[in-house]
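The chain contents come next:
2 protein chains.
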Amino acid sequence: MNIALDAMGGDHAPEAIVAGAVEAARIYGVTVSLVGKPDVVAAELKKYNVRGLDLPIVPATQVIEMDEKPAAAVRAKSDSSMVVGCKLVKSNAAQAFVSAGNTGGALAAGILHVGRIQGISRPALICPFPTLHGVCLILDIGANADVRPEHLQQFAMMGTIYARELLGVEQPTVRILSNGEEAGKGNQLVIDSFKLLEKTPSLRFEGNIESKEIPAGLADVVVTDGFTGNIFVKTAETTARLMSQVMREEIKKSPVALLGALLSRGAMGRVRERMDDSHYGGAVLLGLSSLVVVAHGRSNSLAVRHAIRVAKQAIEHEVPAKIQRGIAALAQPDERAEAAR
Amino acid sequence: MNIALDAMGGDHAPEAIVAGAVEAARIYGVTVSLVGKPDVVAAELKKYNVRGLDLPIVPATQVIEMDEKPAAAVRAKSDSSMVVGCKLVKSNAAQAFVSAGNTGGALAAGILHVGRIQGISRPALICPFPTLHGVCLILDIGANADVRPEHLQQFAMMGTIYARELLGVEQPTVRILSNGEEAGKGNQLVIDSFKLLEKTPSLRFEGNIESKEIPAGLADVVVTDGFTGNIFVKTAETTARLMSQVMREEIKKSPVALLGALLSRGAMGRVRERMDDSHYGGAVLLGLSSLVVVAHGRSNSLAVRHAIRVAKQAIEHEVPAKIQRGIAALAQPDERAEAAR
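If you read the sequences in order, they're chains E and P. 1 is the number of the first residue of the first sequence in the working numbering; add one for each residue after it. 1 is the number of the first residue of the second sequence in the working numbering; add one for each residue after it.
Source of the hints: derived by calculation from the structure; they are not laboratory data. Some hints here could point you the wrong way.
No distinction is drawn between identical chains; accordingly, a pair holds when it is met within one copy or between any pair of copies.
Derived DMTMM-like pairs: lysine to aspartate or glutamate, alpha-carbon spacing no greater than 25 Å straight-line [claimed, not checked]:
#1 Lys195 - Asp146
#2 Lys199 - Glu213
#3 Lys185 - Glu150
#4 Lys212 - Glu68
#5 Lys252 - Glu213
#6 Lys234 - Glu273
#7 Lys234 - Glu210
#8 Lys185 - Asp11
#9 Lys212 - Asp146
#10 Lys69 - Asp192
#11 Lys185 - Glu68
#12 Lys199 - Glu150
#13 Lys195 - Glu206
#14 Lys199 - Glu165
#15 Lys69 - Glu206
#16 Lys252 - Glu273
#17 Lys69 - Glu198
#18 Lys212 - Glu65
#19 Lys234 - Asp146
#20 Lys195 - Glu213
#21 Lys212 - Asp11
#22 Lys69 - Glu213
#23 Lys37 - Asp67
Note that the structure is predicted; figures quoted are calculated from it, not measured.
Build out the structure end to end from the sequences listed, making use of the hints.
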């Protein structure tokens, strides 16, 4: 198995990226192709004992920076690590591409150079969200700001397949993120999508869900447009970080509280582990003919390693092929209906 | 000053509601008219020493339950505490109505029985969100699931006036909640609203804001549609609560951590105080000719007391009259433009 990694993308590139690649190659036994400026990557690799690990360098002379306009940058920089990485996947030299760089760039490069599965109109970003009992998968978290009900239907199908494969849930439950649970609650998109998902037999659709019900584990898959989904995940991240910061501020004000915090450090470490998105390894762009994994821009080596793990698992479970079959099955009833007309 | 309070609405009604009313009357020196079933309210009032406090009971025989369909319930139950409370405000017998009951019901009763300010097409719910330096005001958090750019423009104007009056900021900054800061980021509503707000001279518009930038205090007012705003506030609430619960679970696992938690109890209390929405007293429905304050369904007596405080402050600052003048000024350029055609 060969996973292409954007060695140049991310706030902590190339250091954290190469470090994560070395960890992943060692722990998961995969080949990680480091795509980027050869001298830069080689200099990083020298810091580690990589004997026995398969970490080839794939040259790419350009870098799409974090603040560049995604679509324009992907078109202009054909020798960027993102474009070269996606082309490796397209040509089957690698089975997945992982990047912690410019998210829009990775999406654009993936859609343009890896290509969509036939029948999928909008690839979507899926990521896990922690619940009290495990995780729930939410999509789209940012690939499509404006969507139509038939897109949410495809998201629901892709999320169902992903949850079945990666969470091991036989019949994953699907809900639509809304501002109220009852049918008829939500904006027009939610109301129309509710009606469409309700009559999609291949889905175990259970209605709307409010964000406050997500931690209770009431849904395996939550679908939403990429604008709302993006605000949802960023708000959750932000609140967790705000709360940690407020806690640090208040604890510093009192020596007794500081001692208390020292004693509960172990427990707080486990809290961080359960809440920290580094362990989830980023979001997967579903709907392409091969896998693209988008890690957080601020990814540390742990997050990069987990992003590679996510790619490995999705490859092993043949997620793209299964989505291809799923979308064909989803299209069938409509085709029959059309043929009957 | 007379504030009408829905004594029957909320998860902890009537106990917590009446308790909050007693506290508010004592601390803020206002009259609180308790609207509800006279025998029920009188029985609650008997628990307190209310000598010298002005807590009249206003009879209303019906109750709009938490799970009723708002608009239908408001129409069907003309003697409900919500409808009676709003009518008290309409007739100027009271200057504001406060309810912790069915949010949709309070919105519907307010719009139907208090009435909109002329020129305001969509009243919006505004609430404070904690930042590291104070608060930012966000609207709409749930009154309008689907809106147009001109509605966001009105929300921006109402938010500006409210921030000027209640936060004491001379020229409040306004931003649009989006999934990216740059102009051109966002869904179609955000993109179109950006262009409209940019050319509204009475606003200090500073572009988009991502939810992750809100805690840094980069905006005094954040505008959004009621669907996104509702998901934003509920996700923040939920994450804070999820994090507290995960902390409790992990602390319980170790006696040392438990001791540590005991020592840092005071600091954690202050964290709760800064993060807990009970202290913010609920959301204000702006755009009506008088004030309606919607408190959280799970309000305890503290939250009810603070909701009454919020109403009192908004009355003192003559918020509805100032919004009326603001909307007239906002409409003027358009009228001139129309006259010039």
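Practice task
Against the structure, test the hints numbered earlier, and report the numbers of the ones violated in rising order.
Solution key: Every hint satisfied by this model.
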